[in-house]
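Visitor: Chains as they are written, first to last, in the working numbering: chain B, -18 to 360; chain X, -18 to 360.
Hint data in this document are derived by calculation from the structure and do not stem from the laboratory. Certain hints may be false.
If chains are identical, the list can't say which one is meant, so a pair holds when it fits in one copy or spans any two.
[What the hints assert, rightly or not] Simulated pairs of lysine to aspartate or glutamate, DMTMM-like, Cα-Cα distance not exceeding 20 Å:
| # | residue 1 | residue 2 |
| --- | --- | --- |
| 1 | 300 | 350 |
| 2 | 185 | 219 |
| 3 | 290 | 198 |
| 4 | 36 | 330 |
| 5 | -17 | -3 |
| 6 | 186 | 219 |
| 7 | 23 | 165 |
| 8 | 11 | 219 |
Okay, here's what each chain looks like letter by letter:
2 protein chains.
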Amino acid sequence: MKGFIFYNPTQIVFGENQTKKIGKYIKVKKCLLLYGGGSIKKNGIYDKVVESLNKYNVSFVEKSGIKPNPVLSFVYEAIEFAKKEQVEAILAVGGGSVIDSAKAIAAGFYYDGDVWDFFIDKAQIKQALPIYTVLTLAATASEMNSGAVITNEKTKQKFNIRGDCLFPKISILDPTNTYTVPKDQVANGSVDAIVHLLEGYFTKKYPNTPIQDGFVETLVKTIISSTKEILKEPANYDARANFMWSATLALNGLTTAGIGEYAFPNHMIGHSLSALFDIAHGSTLSIVFPAWLKYNTNTLNERLIHFGKEVFGVSGATKAIELLENYFASIGAPTKLKEVSISQSQIGEIAENATSLAKKWGLTEYTKEKIEGILRLAL
Amino acid sequence: MKGFIFYNPTQIVFGENQTKKIGKYIKVKKCLLLYGGGSIKKNGIYDKVVESLNKYNVSFVEKSGIKPNPVLSFVYEAIEFAKKEQVEAILAVGGGSVIDSAKAIAAGFYYDGDVWDFFIDKAQIKQALPIYTVLTLAATASEMNSGAVITNEKTKQKFNIRGDCLFPKISILDPTNTYTVPKDQVANGSVDAIVHLLEGYFTKKYPNTPIQDGFVETLVKTIISSTKEILKEPANYDARANFMWSATLALNGLTTAGIGEYAFPNHMIGHSLSALFDIAHGSTLSIVFPAWLKYNTNTLNERLIHFGKEVFGVSGATKAIELLENYFASIGAPTKLKEVSISQSQIGEIAENATSLAKKWGLTEYTKEKIEGILRLAL
């Protein structure tokens, strides 16, 4: 095992009927309530949250309208609003897009310059408003990590930040809050969580990591089986619970601690697809990841065989990729570029965009030509 | 999955050459350096720690001599010493006994009454000195949890405390610090960590917990394989690293989060064996646990079959118990009471002692008769 630092101070409050406790946990007088397109008003979560804030005398102002692939312009607006309103914390009620926006706003609140500076490594995050979350969509693990991804619409860059002060203080994970998540978003979340796990699993160089391997295999198997159950029976508590906790553990630092150097090349390419064509994050990954595995079958042969055996109970690298791709397709996730109306002629533009993130992430072996080669396998 | 709260703010600094950084992490001017029987002076860890404290201008006073099954009288003495010296933190360099003592001292430092009050639930821990650790023995996970176990020599009670302020701030886990741990202590640590994992695994009532099951099975398999490697080759870095991290994860709250109600009956009975006869904690568990499994074979039949299949690749409940007991014996751990010179005539006294912990832990189904029944299977 390689050396590592593991630190994750987020407190997870997991289970039914926990949403109404959020007001008790927020230890400030005034917060910014942040949410997305308003589904929380239809399914009753908004009312529960507001009732709890009122009960515990937490006053709040609100800002909503965050969309998938959350954008920098919203973050700018919300920072100004939060400053004007002198809020002391942010309460994000939503999925990864809402929580990621909350993190960017929390960091920008105390910074006099342009918050995008943090994304382009021009400045380091030193202070942030405390963040609380009520998770309504299991996928990104933003509820238990210190990272956030925001799209700059002007520069067409989907970039990330990270900082210890961005760990949410408390995250409420109530599986029943996800009962009404539509099937396509379940599929996106399922793909996202699986690829979070497998990027590290397939890119790490250090061989002897049985703990991390076993954890990843357990989580991938659980995500696959619980996703199938959810799609059949959306209000299956155990399926929603197992899926929710798996997705959180998939990117909270646990499965990568000790594996040494690893990379997120599929997220890199996927981010470009989202930045250019506003394709849902999960959909970009279900398209890119099987292609990336095919491109790397030779170097990953042994690892793919192990993966296939442990997760699908099959023999052979090609069979393992086939079963993963079939799984993505079976839950309605796109696995080819044409399914999201992208043709061969656009591959160059995507690859070009991805090279800027490749530079930021130090993945210099990902030249434009290599990325094009991967994307051609997804046509 | 059942509802749960997961919170673990300890920062783990894992890897070779990390010991010398401890001074950098301790953010106070004066600390109490706590250690055991002095092995850290022989293997050079003491020198590294002192050098680091000096380098970062952390002054310290020291207290040593903590033994396995750490005792209350030492804790009392150290609390007085810490108060007199006005230390601002405790640095525990050792294994579970040293870290558990540190926690009791840290809690007692701010309490005007008798620190034993916390152990008998007469008072709640509200404040504690910050605790830092350099782990030298992988076993108890005290380096990443909020619990501690201390033996009251007068009352012959081995009782525990728990409190959020007892989580170590920073724990340095350098596998090379365990290269000189003797074989019997490796065996004790191996048994302890395995039983930590399996108490919850076999006592939980909630059936649908695939994440936690998979994590436990991964960790048990890793502990078994790495223990074997360590006993063959004590300075095998990967084996020591995999063993160390497994033991930490075995009792840091991860594998029990979401499994609902569970119990530690084997620790309960084992604690009585230690309190009465000062037997090493791991040895009490390698004796009690196979007997407890045999006693409960009928009710645990299905679970044992699953365990045997996943961990040992065998069929059948009896075979699973046999292989686990054989494993304990193969690493030199005792599996029968006679190996620690306890005979049938002493079973009543042990069972009697264990019932007081059974009351404290709410395990009222563990009557004297039932505990005697279990212990008879370990004769």
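Visitor: It remains to establish, for every hint, whether it holds in the given structure.
Guide: Cross-check of the supplied hints:
1. 300 to 350: neither (27 Å within a copy, 56 Å between copies)
2. 185 to 219: between (32 Å within a copy, 16 Å between copies)
3. 290 to 198: Both. Shortest intra-copy (10 Å) and inter-copy (17 Å) distances satisfy the 20 Å Cα cut-off.
4. 36 to 330: Intra 52 Å, inter 53 Å, cutoff 20 Å: neither.
5. -17 to -3: Between copies only: 9 Å across, 38 Å inside.
6. 186 to 219: between (35 Å within a copy, 14 Å between copies)
7. 23 to 165: within (18 Å within a copy, 62 Å between copies)
8. 11 to 219: Neither: 35 Å inside a copy, 50 Å across copies.
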